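Protein chains in written order, with the working numbering: chain A, 252 to 1293; chain B, 22 to 260.
A couple of the hints might just be wrong.
[Unchecked claim] Dumping the calculated SDA-like pairs for lysine to any residue here, alpha-carbon to alpha-carbon at most 25 Å: (1) B:LYS88 / A:ARG1223; (2) A:LYS872 / A:TRP418; (3) B:LYS92 / A:GLU1076; (4) B:LYS93 / A:SER1059; (5) B:LYS88 / A:GLY1281; (6) A:LYS1190 / A:GLY1281; (7) A:LYS338 / B:THR219; (8) A:LYS1130 / B:GLU81; (9) A:LYS867 / A:ASN887; (10) A:LYS1098 / B:THR219; (11) B:LYS98 / B:TYR124; (12) A:LYS351 / A:ASP547; (13) A:LYS1130 / B:THR227; (14) B:LYS160 / A:ASP380; (15) A:LYS1213 / B:ILE110.
These are computed hints drawn from the structure, not numbers from a lab. Computed from a prediction, not measured in an experiment: that's the story for all the values here.
Next come the chains, spelled out residue by residue.
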Amino acid sequence: MNKKNLLLVFSFSLLVFNFSLSEAQQINSYTFSIMEARWLGPGTMSGRITSIGGVDKEGKTLYIGTAGGGVWKTTNAGASFKPVFDKYCMSIGAIAIDQKDMNTVYVGSGESNMRNSVSYGDGLYKTTDGGDNWEKIGLDSTEHISKILIDPTNNKTIYVAAPGPLWCDSKSRGLYKSTDGGQTWDKILYIDNKTGCADIVMNPNNPDILIATTWQFRRYPYAFNSGGPGSAMYKSTDGGNHWRKIPNKSFLGDSLVMRDGAQVYVKRKDSTLGRIAVTLSPSNPDHLLAIVEAKDTKLFVSFDGGETWSKQAATQNVEARPFYFSCMAFDPKDDKRVYRPSFGLSISDDGGRSFTDASNEGGWLHSDHHAIWINPMYTNQIWLGTDGGVFLSNDRGITWTFIANLPVGQFYHVQYDNKEPYNVYGGLQDNGSWVGPSQWYGGVSNGDWRALYGGDGFWVQPDPTDTFRSVYAEAQGGEAGRVDTKTGLSINIAPTQTDKEDKLRWNWNSPIYIGAGNPHNLYMSCQYLYKSTNQGHTWARISPDLTTNDKSKQKQEESGGLSADNTAAENYCTIFTVAESPLDENYIYAGTDDGNIQITTDAGKTWKNVAENIWKCGIPKHAWVSSIEPSRFDKNTLYATFENHMYGDFKTYLAKSTDLGKTWKRIESTEFTGFAHKIREDLVNKDLMFLGTEHGLFCTIDGGASWFRMKNHIPDYCMVRDIQIQPRTNDLILATHGRGIMIVDNITPIRNMTKDIAGNDVYMIPMKPIKLTFGNYEGGFPEHDGWVADNADQIPPIEYYLKSRVMSSDVTLKIYDSKGNLVKEIPAEKRKGLNMVTWDLRMKPPKTAGGGSKVDQGGFIAPMVLPGDYTAKLFIGDKEYDEQLKVIADPNDKMSDADRQAQYDAAMKCMQMHEELATLVDHLNTVIDSVKNYVDNNKGNKKAAAFLDSLKTFKGTLMAVKQTSLFADEERLREKITKVYVAVCYQDAPPTNLQLENVSLLKTNLAKADDKDKALMTDYYEKWRKVIEGGGYNSNIGVPKH
Amino acid sequence: MKLPVLLSLVVATSVVSMGFVRIAINDDKHTADEIINNYITVMGGAQKLASINNVYMEGEININGSKRITKKWMVNKKAMRTETTFSGITSFSIVRQDSGWNYLPTRGRKSIEPMTASSVASNRPNLDIEGPLVNYKTKGYTVKYMGTDEIEGTEAYKLEEKINDSLTKTYYVDPDSHYIMRVRTKSSMGGRVSISATDLSNYTKTADGYVFPMEIGNVKYTLVKVNTEINDNLFKPIK
């Protein structure tokens, strides 16, 4: 091809590409926004709370910051909460309310409880309208913010303590100050790129006096270090312009050591400090307390504004885990009363000299505390943030009530079974493994969830080979059991070391996996892969060590820095993800936390590490393999996600191989944000995939060429850790790490959407036959059980696509039967993208007799249609779009065709009676109006008055006309018709013999009423009308004179 | 093919291609006044809006296939009456500048009940037929452009209008048609914050050139008359 032709081809390609780009952009985040995710919760086991801010002067407006669920606001002291931060980063580090203007709130993103699974933030946000709108105001690269202080005398002055990035050194660490309400920032205390600012307190009587603590810390995939020369306490008396270090030796406590067989205290020489939590008494600002992490972490007190400090004896709870429990508070009005939320809650009544523990009498108080807010107007009232949610005390922290309506659980994984309704299973950070129904009677409430296993929860796998009676669940570090869901008992099944293996290295979040190709295959993995074919009774090791086995990264017992902290969270050189091909059980894949992808095609006899091939496509070496998805459409195709955030790299890594790992191609998109957790291929459409990252859920319908962020009632930056698709219902099930389980019901519309469809102005989506149903999971009274999730719609909706929102035409949907009769008119959606309108499979309700004392329920009730062919007609302005509908009987329904016909016939008879009665009463009403007007103007005519009375009396036999109160029933002919009508229409059964007799009786009574009416009307037309007209009455009957 | 012609083709193709790309780009540089002015234009223009002294509208509410008839009378900046009739029973609400009443027999309330002062205050801006957004400065309100927000699949312009300390309205404006899609009202009454949202659509031009949304919330209007005779008794608490 010569140069000229090449140019031509290029130009044409560019044109075609941009046509495609436009069409692809037609399908975007909003195309499917009508398919809103249901938030299943649970609320009964919530998630980690990182900060609580309350409005001091009224105490009932609070903002709750969470580890992964954003910010929730209550304006009624916890009766209800709403998420107010769902367009932004979900990891919340600190919240501060401007107490002079309660609508101004600052949120620092990125929690500072620096455990291994902590997420990261992207800066500081501000709202000036109570959370309706937010603006990011800087500090984007701080990643973690631990405290925000607002000068109470000048609300434009703000301090932000930023420990800074966890996984790398950074100049963003430090203490920041703004004097213009957050428009600009200065870093006023900076030590070095390894040291951030962990805490700050301000003297409320003299806001220029500040105490700040700096903290040197760093995390690695395999270790954590807290402490170093950068850690210290500093004091400023001029608003942070100058700082003076409080000498470390101030915090040299005694160490308890063994000497000659006895325990003795010796002065500690090592003055290295770690994280320092400091708090100041609002009622006596010279009185401070500090928990100072050191070789011997201790509690220290100062009575001179932080100049000098002395050690206090304290309980283990007070001194526990200082890098993670950095919270302490004085009672706002009493400097003798101190609260130390930590592993548990300790309370002091002598200013920190001695502590007691909170009581569990009011209910179990979850362990691991990170936030506290004491209502300054009523200091009995305390809000506490724990790893399991929010608790409220009204007796100064002695007893607690759990707040059960915050669905901010942090799931790692999710699985489902195939029951009806199906259940979802998942493991929660800090909070065990749970199972809950995808729908339930009256909605899915807290009480419908059930705990299965303890510890930190991760993978949960219901076993399909024994009808899901057995469930495999785990706790951290490879503790795993097979739970008998009938008895609740569990048996430990975790493989253990023999003389043929090194010490088993379990990832904190070790895979338990049931084979996609053969569900009898159960896998567990440490650095080795184990397989069982008998539910874990026996295991076979089917691999060698599949990791890099880097010994330098296996020194977890030394992890922690100043405070030893080895809870399996830092375990490394382990297998993190396992997959089996749905097409061939001999194809097994293992991804490790240190960058290997190992593949076997002979069920583990031989393994091939394809890591080097992956690096060639731009995936960093040793990037953690977070998921592997073997394609169900081609045995040689697989997808994998990688994440490198533990080296300070938050990019989204996703790659595909079509030759069993020999070569890889990166899949990229400018839409992606956050490091990747899970790639999931659709079960039916190979071009449809979902990607879950730390900052969002993404979807592609074109095999990865383009992606969009899914925002269907899913927070924009939701932490999506796992994704499943239920094969029977086609539901998309998400395990989120901070918003519980979410379900997008029936993704078929996404599955079937194409660019061709999206190119239409209007497109009616073909429908499968709709089964008649009376509904499922109906409830009675509303639940009072904290968080209650809605059920899915029980009737498949009519779906259509609109390229643009219709703003200047009427949009209506009408249903016609096969004879062309209008069955029902339904208000239609008119949104851009996919629209869904539900037809309740019923006809239009009858007109019921009017003009009584109450609206009759019968006017809202309609019979269910019979099976048959119907047409849905969408009218947009004067244009019409049709789609055929087939309504069928549910083969599982106990009603026969004859039963259904009998029900229909009886309902139609009632409907007809209503219509006839309505016509009769309409006319009667006009006559009554006419006669009444005459009588009102001719009070002397007693006979006319008597005739009027007879009309009214007659009307009073037909419908309720008196009803003196809501509690006074008045049942007349209309109400009697409605009573049997409602029963017949809404029972999933044919009419009973007595119902049919009742219908006949009512027909007879209606006939009698008709006769009576005829007699009265004869009287009216032959006599009274002439009298009335002769009297000059305005013959425009029924229109009142003004 | 000669090179200059080919080059022209390449350039033309690129320009056209880039044009398609440009359409897709979301340009977010707008001002509140620009958006409001576009809205006023599509609503018939400022003069047309200002010429409306009163409005009468009739429509229906479809609830599960049952229809309720609704009627509304509005006298600009003075009074409004809304009636709903179903099954022969008529409910109504009346709002005037300084008072209001509700009559809700379908809820078992047999008497005409006065509205609270705070309820009247939150309804008062609704007496302004052209809407609080038009001529907002002279009315003493402030409006801010807040960027865009997704409303039912559309990336709508978002305008926030502060009526007073306890009443804020947020308007979501369709970027293609410039019509208001949704109005969100946030009001504080007696320490309680209430938020409601109303969708508007089916903007239709009448025979005499006025433009109205014929669908407001769940009401579909079928008739609208401008500047007719309206009896003041309609705005009195009379059954």
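Verification of the supplied hints:
Of the supplied pair hints, the one linking B:LYS88 and A:ARG1223 holds, its CA atoms being roughly 24 Å apart against a limit of 25 Å. Under the criterion of a C-alpha separation no larger than 25 Å, the hint pairing A:LYS872 with A:TRP418 is consistent with the structure, at around 17 Å. Restraint check for B:LYS92 and A:GLU1076: the C-alpha separation of about 21 Å stays at or below 25 Å, so the hint holds. At roughly 21 Å between alpha-carbon atoms, B:LYS93 and A:SER1059 fall within 25 Å of each other, so this suggested pair holds.
With a CA separation close to 38 Å, the supplied pair B:LYS88 and A:GLY1281 exceeds the 25 Å bound. Restraint check: the Cα-Cα separation between A:LYS1190 and A:GLY1281 comes to about 16 Å, which is no more than 25 Å; the hinted pair holds. Simply put, A:LYS338 and B:THR219 have alpha-carbon atoms about 22 Å apart, close enough for the 25 Å limit, and the pair holds. Only pairs whose Cα atoms come within 25 Å are accepted, and A:LYS1130 paired with B:GLU81 is accepted, the gap being roughly 21 Å.
The hinted pair formed by A:LYS867 and A:ASN887 meets the criterion: a straight-line CA distance of about 19 Å does not exceed 25 Å. A hinted pair counts as satisfied when its Cα atoms are at most 25 Å apart, and A:LYS1098 with B:THR219 does not qualify at roughly 28 Å. Distance hint between B:LYS98 and B:TYR124 is fulfilled; the C-alpha atoms sit about 22 Å from each other, no more than 25 Å. For the proposed pair A:LYS351 and A:ASP547, the alpha carbon gap of about 41 Å is over 25 Å, so the pair is violated.
With a C-alpha separation of about 20 Å, the suggested pair A:LYS1130 and B:THR227 falls inside the 25 Å cut-off, and the hint holds. This hinted pair checks out: B:LYS160 and A:ASP380 have alpha carbons roughly 22 Å apart, not beyond 25 Å. With a C-alpha separation of about 13 Å, the suggested pairing of A:LYS1213 with B:ILE110 holds against the 25 Å cut-off.
Of the hints listed earlier, those the structure fails to meet are numbers 5, 10 and 12, in rising order.
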